[in-house]
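Engineer: Starting from the given sequences, assemble the full structure and let the hints guide the process.
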Amino acid sequence: MTARRRLGLAAAGAAVLLGGAVAWLPARGPEPAETLVAGAFDPPRDAPGFALEGSNGAEVTLAEHRGKVVLLTFGFTHCAAVCPTTLATLAQARTALGERADEVQAIFVTVDPERDSAEQMRGYLAAFDPTFVGATGDPAALSAVREAYGVTAEKEGTGRDYAMAHTSSIFLIDRAGKLRGAMPFGHEAADFAHDIAVLLEG
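Heads up, the final residue of the sequence shown is numbered 1366 in the working numbering, and it's a clean run with no missing numbers.
These aren't lab readings, by the way, just hints derived from the structure by calculation.
Treat each hint with caution, since some may be false.
To be verified - Cross-link-like lysine to any residue pairs, in silico, SDA-like; alpha carbons within 25 Å at most:
#: 1; residue 1: LYS1342; residue 2: THR1199
#: 2; residue 1: LYS1342; residue 2: THR1295
#: 3; residue 1: LYS1342; residue 2: ALA1317
#: 4; residue 1: LYS1342; residue 2: GLU1365
#: 5; residue 1: LYS1342; residue 2: GLU1320
#: 6; residue 1: LYS1342; residue 2: ALA1204
#: 7; residue 1: LYS1342; residue 2: ALA1227
#: 8; residue 1: LYS1342; residue 2: ALA1215
#: 9; residue 1: LYS1232; residue 2: LYS1342
#: 10; residue 1: LYS1319; residue 2: ASP1302
#: 11; residue 1: LYS1232; residue 2: GLN1256
#: 12; residue 1: LYS1232; residue 2: THR1249
#: 13; residue 1: LYS1232; residue 2: GLY1203
#: 14; residue 1: LYS1232; residue 2: LYS1319
#: 15; residue 1: LYS1232; residue 2: ALA1346
#: 16; residue 1: LYS1232; residue 2: ALA1255
#: 17; residue 1: LYS1342; residue 2: GLU1352
#: 18; residue 1: LYS1232; residue 2: ARG1279
#: 19; residue 1: LYS1342; residue 2: ALA1245
#: 20; residue 1: LYS1319; residue 2: GLU1278
#: 21; residue 1: LYS1319; residue 2: PRO1348
#: 22; residue 1: LYS1232; residue 2: THR1259
#: 23; residue 1: LYS1232; residue 2: ALA1354
#: 24; residue 1: LYS1342; residue 2: LYS1319
#: 25; residue 1: LYS1232; residue 2: ARG1286
#: 26; residue 1: LYS1342; residue 2: HIS1358
#: 27; residue 1: LYS1319; residue 2: GLU1283
#: 28; residue 1: LYS1232; residue 2: ASP1325
#: 29; residue 1: LYS1342; residue 2: GLY1366
#: 30; residue 1: LYS1342; residue 2: SER1307
#: 31; residue 1: LYS1342; residue 2: ALA1312
#: 32; residue 1: LYS1342; residue 2: LEU1226
#: 33; residue 1: LYS1232; residue 2: GLU1278
#: 34; residue 1: LYS1342; residue 2: VAL1201
#: 35; residue 1: LYS1342; residue 2: ASP1206
#: 36; residue 1: LYS1319; residue 2: ALA1204
#: 37; residue 1: LYS1342; residue 2: GLU1267
#: 38; residue 1: LYS1342; residue 2: GLN1269
Structural biologist: Listed below in structure tokens is the structure:
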């Protein structure tokens, strides 16, 4: 047998063995779902519903936004730094989504009903994004919503210039109304855009 023939047979044998090995490789399962940057609720649970007075002049509820990703945040219009930073970041994230921005709704629930009327919130939110909706109501109703989400709020100071110390996380609610994540304050718009995209595809 010539050297060339021996090489040819060896190559053929290797091809047969390789083909058999490939045939016995286990099938790959589906790619794992992309994870959220935000702290995830595992398993997801129904987001607590509410019905409050909206800055748009109508009642605002979670149910009316079913089919969209909802970014739910708590704050007040006289906030010096945290709330405007959060709202500006959410506006940037929404812009980054391009054509899919209409599939996202930000809701800003006040922790300061004494000063935050629907009209006051409407003007305040419009400076960040005209699609943002504020939610206010009587103190008992707002307290119940905060309790449902584990949000705290405490008045600091006296007089008209008092401040409110409050939970600053942003809650991410998916299209089906499930509470999926809580993003701590301080994350960039890109992190929100990433998580929104994950929920839109989920």
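Engineer: Provide an ascending list of the numbers of those earlier hints which the structure does not satisfy.
Structural biologist: 5, 14, 18, 19, 24, 28, 33, 36
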